[in-house]
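Colleague: Sequence:
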Amino acid sequence: MADSEDEPEGAPGAEEDARTGLIDAYSDDDDERDEVISVTATIIDGDMSAEDGNDGSDDDDPDAEACPWSYLDLRRDFYAEGGVGAALSFHESHGDTTAAQAKAGRDIQGIPWDRLQFTREQYRAKRVQEYKNYANLEFSPADLDGVCTPLEKCPARAPYFEFAHNTRAVRSNFVHFQLRNLVWATSKHDAYVMSENRVVHWNAATRRATPVLDLDGGVSGGVMAGDFPRIQVSTTRVKDGIVAAGGFAGELVVLDTNTGASRSTRVTQDDNGITNAIEIFSARSGREILVSSNNDAMTRFYDVETMRCLAKHKYPWAVNYATASHCGRHMVVVGDSTEAWLVDVSTGRRMAVMEGHLDFSFAAAWHPNGCVFATGNQDTTTRLWDARYLGQSLAVLRGNMGAIRSLRFSDDGRFLAAAEPADFVHVYDGAAGFTNVQTMDHFGETAGIGFSPDCETLFVGVADLTYGSVLEYTRAGHGAAAVVV
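Position 466 of the sequence shown, counting from 1, maps to 466 under UniProt numbering, and the rest follow consecutively.
Pairs of lysine to aspartate or glutamate, EDC-like flavour, derived with a Cα cap of 16 angstroms:
id	residue 1	residue 2
1	K239	D256
2	K239	D411
3	K239	D190
4	K153	D441
5	K314	D270
6	K239	D454
7	K153	D429
8	K239	E288
9	K103	E162
10	K314	D344
By construction, these hints were calculated from the structure, which means they are not laboratory data.
Full structure from sequences and hints, please.
Modeller: Below, the structure written as structure tokens:
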């Protein structure tokens, strides 16, 4: 993953940690154990609305991540293109948008196209034409022309998911331009979104937003994790009542929402130890395990209940995402490399290397069948793989304009969602071999995506200085279940 100022550098000479069985047994070596600090959880009751001043902006934050490209700010573009008169309309169109309003002609984000000097279609074409995809390695997009899988668009009259609601009561945001795993769903009515260093629970049924984990520090309180008066949150994971957040300095905070207990640790003292991703899975022993992927070329495994470090695995490059199969035996690891690795969870032993991507990868996901997995890359593609036949990828799914920053399979295996850094989320249909696609488009950076466990809802976090929000799409129909062999 790129540093805030410089191009990323690999970790030379790193080798994988092949210690056996560390996931299912503790280590007695104190040097291998990270310090765990107990903290008091802050669960904040009450509503949060757009009037709280949470506009998704990092303008006043001296720690805000420096981006190597221009942030796609709608307000800036609309001021320049539409004039002051058009800009004034931002303050007049700040409410939520319902499905009924959208069907009646209202823009799903509340953008007043009739008061601007260009249409939605014209602005979309401008964005696609002017977008500069960030890449760490040099490659030509033409190199992909001969390998990408032909795709068939989902008919507009028969979408997989339909727009249901957009709320601006929760302004999604992010702080590192390459890390976009900041939206998670625990039911069709419950989403957890990062907003101003707070994990916020959005209840789609009651339309209430409630801060759950406040890591912003200051006089307002929040989780004061040892020496961490304020944690600049880089990534989150929410699953089975556990809310986990990782920080720029290697911090890791875990809150059990059922008990209110929380723990924290700094997983590394390395200056380049940003927590790039967090995943939670069940080990074969039944123990809930949290895996932290860090820029110091390490993955670390923690017992969720005690936050005791169980294992560490070393890689030859910064680890951007690691995710375990549903059986808990295998893990896909991607990072600052064109390769993706399949490893044994218990030992860290490398089982296979997948090649084909042209740049660094920041996303990975397992299909619930435990055989198929996906990797997302800055070369603008998602590659599908079968762990039983790794000679070549099953499919190469190309995006519209940018890197694939986030990937999610639905729990029923029917759909794969792939998010670009801005504007586009693609949903591929597993019943058609993932070659049929519905593309949802919005305007703004994408902070994260999340399917509900029942696959009824897809949440999309939109980060924008003016139109930051949470979009909800609901399943339009129930076709044949995906069959992946």
